[in-house]
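Here is how the chains run, residue by residue.
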Amino acid sequence: MVEVKLENVTKRFGNFEAVKGLNLNVKNGEFLVLLGPSGCGKTTTLRMISGLETPTEGKIYFGERDVTYLPPKDRNISMVFQSYAVWPHMTVYENIAFPLRVKKYPKDEIEKRVRWAAELLQIEGLLDRYPGQLSGGQRQRVAVARAIVVEPDVLLMDEPLSNLDAKLRVMMRAELKKLQTKLKVTTIYVTHDQVEAMTMGDQIAVMNQGRLLQVGPPTEVYLKPNSLFVATFIGAPEMNIVDATVVEKEDGPYLEGSGFSLKLPEDFKGLLKDYMGKEVYLGIRPEHMTVKGVSTLEHVSKSAEMEGVVDFVEALGTDTIIHVKVGDNLIKVKLPGHIPLPVGDKIKIEVDLDNIHVFDKKTEKAVI
Amino acid sequence: MKDETVYTLKKIGFYTVIFTAVAWILIPIIVSFLYGFTSKADYYDPHMVIPHHYTTEYVRVILFTLGAWDGIKNSTIVATLTIIISFILGIPAGYSIAKFVFPGKDTIKLSIIALRMFPIPVMAIPLIILYIRLHLADTLLGVALAHTAMALPFVVLITSSIFSGVSKEYEEAAMVFGLTRLGSFLKITLPLALPGLAAAAMFTFVMSWNEVFVASVLTLTHRTLPAQILSIMAGSSGGAAPDYYKFAAAFIMTLPAMLFIFFARKYLVTMWGITLK
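From first to last, the protein sequence lines are chains A and B.
Read left to right, the first sequence gives residues 3 to 370 (my numbering).
Read left to right, the second sequence gives residues 14 to 290 (my numbering).
The shape of chain A in the complex, shown without the other chains (with noise of 0.2 Å):
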């Protein structure tokens, strides 16, 4: 177990800057989700602190060790592949096995330790079979049980749930976040699944372009996003974005917009006093709004309203998310339990003042 700290990781492919100028801190067992679309230079991060790959400019450090140039031999860290790179002409036991075996353990404390990490990915049935006669659940766990036996330093994975069904996903993410807990690894887990980032990270780290956009625990990059990519690349269904602008009033801030001028409590007005008559991205969770006289927000101390015509209604069975046409903007409010609002209905949306975002159009950096 140890702390990983990236200063200044910049990777180019020719001319193609895979990831720049990155500056991360894993602590000691933390289990960090690198989360971003495919492309944005995660996977690159992750090969780089394995050593499969060597930072242009900037260094890496294990603890106190710099280990930027060291083979990843040398690191003594364990990765589980994206195809699970279970080698198909061992056993099962001499895949787990392999690692104990190239560090030279002794031949009972190997047999211990398999039987151990076996037993712990329950698949003590499978160890003298061949990966061919697995399923990809199964190899799943042979390759965990594989990353996990020699007790590494660093735990590395690189989107390890993308390849299974859905349900066998939902079943594994939560063996793996209690794994990691029980073994307290320092793990680095790298995904595009914005759930899986939610559901398994101390902390997440949203990359895009190469760049680490934000870095925290889940609740607060889900509530605070820093930026609008941030904000509409985490959560499902997306975050509404509405053009609007600030206008001030006599009787305090505005944000108006097609279809809507919402009233905001005049503790907004020091927030956004640099933006007054600008046109702003207004960003509101489907989920930080409802539907007036169908259910109430709760635990909301201020709230504005807008009006609207109904569009589409999604039943999800235990959610209901309704479009609203609001002007020329098409908003999407999720309800919970099933709603049947009828299409064409005028209705009003209530929206909750504490959660709604504000970003700058240029910078796209979050102003509220």
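Just so you know, the hints here were simulated from the structure itself, not pulled from any lab data.
Even for Gly, the Cβ is constructed at its ideal location relative to N, Cα and C.
Some hints could be false.
Heads up, simulated BS3-like pairs for lysine-lysine below, C-alpha to C-alpha not over 27 Å straight-line [said to hold, decoys possible]:
(1) LYS7/A x LYS226/A
(2) LYS181/B x LYS105/A
(3) LYS259/B x LYS53/B
(4) LYS106/A x LYS15/B
Some, not all, of what chain A presents toward chain B, calculated at C-beta under 7 Å [as the list claims (entries may be wrong)]:
(5) LEU54
(6) SER85
(7) PHE100
Once you have looked at the hints, place chain B on chain A.
Below, chain B without anything else, positioned relative to chain A:
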């Protein structure tokens, strides 16, 4: 026409094509195997298609009196040497082409094949002059080197296709779990590529085994099997040999290669990178 009739006709057409294709290959083999063992009287009897009396005389004469047995030994040595040399040179090349990105990769790939465009007779005379100077003429190593030159392009291309079939992550996993790049190649990639490499070896073996021109030009006393058979049959020992000797010679030439391919069959699919799990 009724659907049923159409179906039947289609089926007949299908089997006719298959039968013709199989017969095309099989009949000459059967004929040479049959007449290579037919007694002289039966062979010259115009009323007899399937002979009644058989003899192993011609095969024995060719093998032991006329030196084909030595030819078999020489051919085996040459083919083995060819495999060894072309693999030592070809595997690293194939691996690099499969796993690394480097400038001029496509040009190199193309020029590897392009070398095979030169007709061998054109190169044979300069080659033998060079060989005489290097004291390689009439040696098995010399023939093996020439065969290596012929087989190498295929070895490179085949092995590169085999190696690119072995997922990069297998090797990376081995490196993460404590091996060097070379170690992970030897312990992971090579065993996984082995069936394919075996197929490539068989391909090289058969190629060397069947090659007659270069072998005939470069050797005189140390002839490989095809070169030896050619010189026997074409009549270096006074006039062309009788037909049944030719058939027996064809049998001797074909059998080892056929047996070889028969056992290699399983791997041949792998060789082209179609299945590699």
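We went through each hint and held it up to the structure:
Between LYS7/A and LYS226/A, the direct Cα distance comes to roughly 24 Å. Compliance with the 27 Å bound is thereby established for this hinted pair. Distance hint between LYS181/B and LYS105/A is fulfilled; the C-alpha atoms sit about 22 Å from each other, no more than 27 Å. In summary, the hint linking LYS259/B to LYS53/B is supported, as the alpha carbons are separated by about 13 Å, within the 27 Å threshold. With a C-alpha separation of about 75 Å, the suggested pair LYS106/A and LYS15/B falls outside the 27 Å cut-off, and the hint is violated.
With a cut of 7 Å, the hint placing LEU54/A at the interface with chain B holds, because the nearest CB-to-CB distance is about 5 Å. For SER85/A, the interface hint holds, the least distance from its beta-carbon to any beta-carbon of chain B being 5 Å, beneath 7 Å. For the restraint placing PHE100/A at the interface with chain B, the shortest Cβ-Cβ distance is roughly 6 Å, inside the 7 Å limit, so the hint holds.
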